[in-house]
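Trainee: Given these sequences and hints, build the entire structure.
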Amino acid sequence: MADVDRLFTEFIEAHLAGSDPDPWQYVGRLEGDERTELEELIDAYYVGAPPRQWDAEAFRGSAAERITDAIDRSYRGQAGWWPAVLPRLRDKARLKRSEVVKRLADALGVSDREKKVAGYYHEMEHGLLPSERVSPKVLDALASIVGTTSEALRTAGRPLTPEISSQDAADAVFARTAHPQEEYLAQLDVTEADEALAARPSDWDEVDELFLGG
Amino acid sequence: MNDFTPLPGPEFDSLSLEELVPYHHAARRAGNHKEAQRALGRLVWSFEGQVRFWVGRSVPRDEVDDLVQTVFASALESSFDEQTSGQFGAWLRTIARYRVADHWGKEERRIHADPLVEDHERDEEVWGPTPEAPDYTEDVIERALVEQALGELSDTHRRVVEVGGPKDLGFEGAPARETAQRINDQLSGQEGDPMTEANVHKILSRFRKRLAKLVNADNQEQGDG
Numbered sequence: 000m001a002d003v004d005r006l007f008t009e010f011i012e013a014h015l016a017g018s019d020p021d022p023w024q025y026v027g028r029l030e031g032d033e034r035t036e037l038e039e040l041i042d043a044y045y046v047g048a049p050p051r052q053w054d055a056e057a058f059r060g061s062a063a064e065r066i067t068d069a070i071d072r073s074y075r076g077q078a079g080w081w082p083a084v085l086p087r088l089r090d091k092a093r094l095k096r097s098e099v100v101k102r103l104a105d106a107l108g109v110s111d112r113e114k115k116v117a118g119y120y121h122e123m124e125h126g127l128l129p130s131e132r133v134s135p136k137v138l139d140a141l142a143s144i145v146g147t148t149s150e151a152l153r154t155a156g157r158p159l160t161p162e163i164s165s166q167d168a169a170d171a172v173f174a175r176t177a178h179p180q181e182e183y184l185a186q187l188d189v190t191e192a193d194e195a196l197a198a199r200p201s202d203w204d205e206v207d208e209l210f211l212g213g
Numbered sequence: 000m001n002d003f004t005p006l007p008g009p010e011f012d013s014l015s016l017e018e019l020v021p022y023h024h025a026a027r028r029a030g031n032h033k034e035a036q037r038a039l040g041r042l043v044w045s046f047e048g049q050v051r052f053w054v055g056r057s058v059p060r061d062e063v064d065d066l067v068q069t070v071f072a073s074a075l076e077s078s079f080d081e082q083t084s085g086q087f088g089a090w091l092r093t094i095a096r097y098r099v100a101d102h103w104g105k106e107e108r109r110i111h112a113d114p115l116v117e118d119h120e121r122d123e124e125v126w127g128p129t130p131e132a133p134d135y136t137e138d139v140i141e142r143a144l145v146e147q148a149l150g151e152l153s154d155t156h157r158r159v160v161e162v163g164g165p166k167d168l169g170f171e172g173a174p175a176r177e178t179a180q181r182i183n184d185q186l187s188g189q190e191g192d193p194m195t196e197a198n199v200h201k202i203l204s205r206f207r208k209r210l211a212k213l214v215n216a217d218n219q220e221q222g223d224g
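Here the protein sequences line up with chains A and B, keeping their order. With numbering that gives the first Met the number 0 applied, the first sequence covers 0 to 213. With numbering that gives the first Met the number 0 applied, the second sequence covers 0 to 224.
Treat the hints with care, as some may be off.
To be verified - Label-pair ranges, simulated between beta-carbon atoms:
1) Leu186(B) with Thr148(A): 58 to 64 Å
2) Glu151(B) with Trp23(A): 27 to 33 Å
3) Asp2(B) with Arg153(A): 32 to 38 Å
4) Ala216(B) with Gly212(A): 52 to 58 Å
5) Arg5(A) with Phe11(B): 37 to 43 Å
6) Arg153(A) with Glu17(B): 44 to 50 Å
7) Glu190(B) with Ala16(A): 33 to 39 Å
8) Ala55(A) with Glu17(B): 18 to 24 Å
9) Ala16(A) with Arg60(B): 24 to 30 Å
10) Glu131(A) with Glu18(B): 33 to 39 Å
11) Gly60(A) with Glu146(B): 44 to 50 Å
To be verified - Below, a sample of chain B positions facing chain A; criterion: calculated Cβ distance under 7 Å:
12) Phe170
13) His200
14) Lys208
Stated by the list, open to error - Residues of chain B placed beyond 12 Å of chain A at every Cβ, according to the derived structure:
15) Thr4
16) Pro5
17) Pro7
18) Ala89
19) Glu151
20) His156
21) Gln185
22) Leu186
23) Gly191
24) Ser204
25) Asp217
26) Glu220
27) Gln221
Source of the hints: derived by calculation from the structure; they are not laboratory data. All of these numbers come straight from a predicted model, not from anything done at the bench. For glycine and all other residues, C-beta sits at the position ideal for the given N, C-alpha and C.
Mentor: Written out as structure tokens, the structure reads:
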């Protein structure tokens, strides 16, 4: 186990020096029991290890920033973790958003109103659509497209603890034609936002019922 | 809405991690998402590497990103319910463990009783939870087990654990650097290499690992009995 001790020491010293070493590079140098031993030691070390020093420049564009943004979007909306979960599921299914929308419109039998479905799906991904208003039919179809269950989607969409922004988000959903919220538009590119908004007729129809009728 | 005043840069930078969590929550409750995002960014940045490793020990690489995000999200939600305890790293480790267990469809609180998958290679098909670090925050670790683990140590190492070990387990919880200094002060005049900050971490890590073994064995025994 001499190699384990040496590598563990090297790892800790590098970590304490602030170089943010990759633990798997150290673990990968060993095999069998020794590898397991080092994994367990690093695991235990991390419990009490000093946290990574803040570095604003390194944070920009990092995986940590992507995680932060996904969680933050969820708290800003009123659809639970949908803003974090839906894009992830879509990525895992290797589907572009336009493809998800197309399949969703087809599955719901409203392929002639795909742009309107696109608008609602955008709102789902951005947490602007109250999750409890989305019908089981939509969740069933969407779950099938992105490879999960409608129950999992419903659970993920439950409101988060500090229900502080629900009115803001509700305004964005229901004041839907004339003056959309700047925050919502800022999250979409101009073309997508224009299309989404232009596609919404003032008359309530089957698509509205699917996404807002509960 | 509640009263919330954003802190200026230097004051914000001086917040400890334990202080960042309530700061984030207060900002959210006040509707100040920008400030909450600032706090959240620092939290995620601070512990992303640890969480990524904990999760990566038990799930395939292409699943790690999802679970890391889930761990942080879950940590935030549970901390709104004030389920946090003193040691932030231990608390996150616990949540990572539960989310990994969820990932494998296992019942959260029965993880100790699950068969361990210890001898896997990371790139092989065999995956599963490897709950080696003890759960400091949810389970009561019997004092007898702590004493047993302490009793296996040399006098110096035992003193290191007593000074630098986690408060949750009844130790002083001094930072590693301070622990090393205090041990060196106590050992001044004696032969041998001085205690270093890295040595303190090594001793504490081995103690945690040993304690985890004892806790797991004890839980297994109780499950069998």
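Trainee: With reference to the structure, classify each hint as holding or not holding.
Mentor: Okay, the hints, checked on the actual structure:
no. : hint                                 : in the structure
1   : Leu186(B) with Thr148(A): 58 to 64 Å : holds, 60 Å
2   : Glu151(B) with Trp23(A): 27 to 33 Å  : holds, 30 Å
3   : Asp2(B) with Arg153(A): 32 to 38 Å   : holds, 35 Å
4   : Ala216(B) with Gly212(A): 52 to 58 Å : holds, 55 Å
5   : Arg5(A) with Phe11(B): 37 to 43 Å    : holds, 40 Å
6   : Arg153(A) with Glu17(B): 44 to 50 Å  : violated, 34 Å
7   : Glu190(B) with Ala16(A): 33 to 39 Å  : violated, 28 Å
8   : Ala55(A) with Glu17(B): 18 to 24 Å   : holds, 21 Å
9   : Ala16(A) with Arg60(B): 24 to 30 Å   : holds, 27 Å
10  : Glu131(A) with Glu18(B): 33 to 39 Å  : holds, 35 Å
11  : Gly60(A) with Glu146(B): 44 to 50 Å  : holds, 49 Å
12  : Phe170                               : violated, 11 Å
13  : His200                               : holds, 5 Å
14  : Lys208                               : holds, 4 Å
15  : Thr4                                 : holds, 16 Å
16  : Pro5                                 : holds, 15 Å
17  : Pro7                                 : holds, 15 Å
18  : Ala89                                : violated, 5 Å
19  : Glu151                               : holds, 15 Å
20  : His156                               : holds, 14 Å
21  : Gln185                               : holds, 21 Å
22  : Leu186                               : holds, 20 Å
23  : Gly191                               : holds, 17 Å
24  : Ser204                               : violated, 4 Å
25  : Asp217                               : holds, 18 Å
26  : Glu220                               : holds, 20 Å
27  : Gln221                               : holds, 22 Å
Consistency note: the structure conflicts with the earlier hints numbered 6, 7, 12, 18 and 24.
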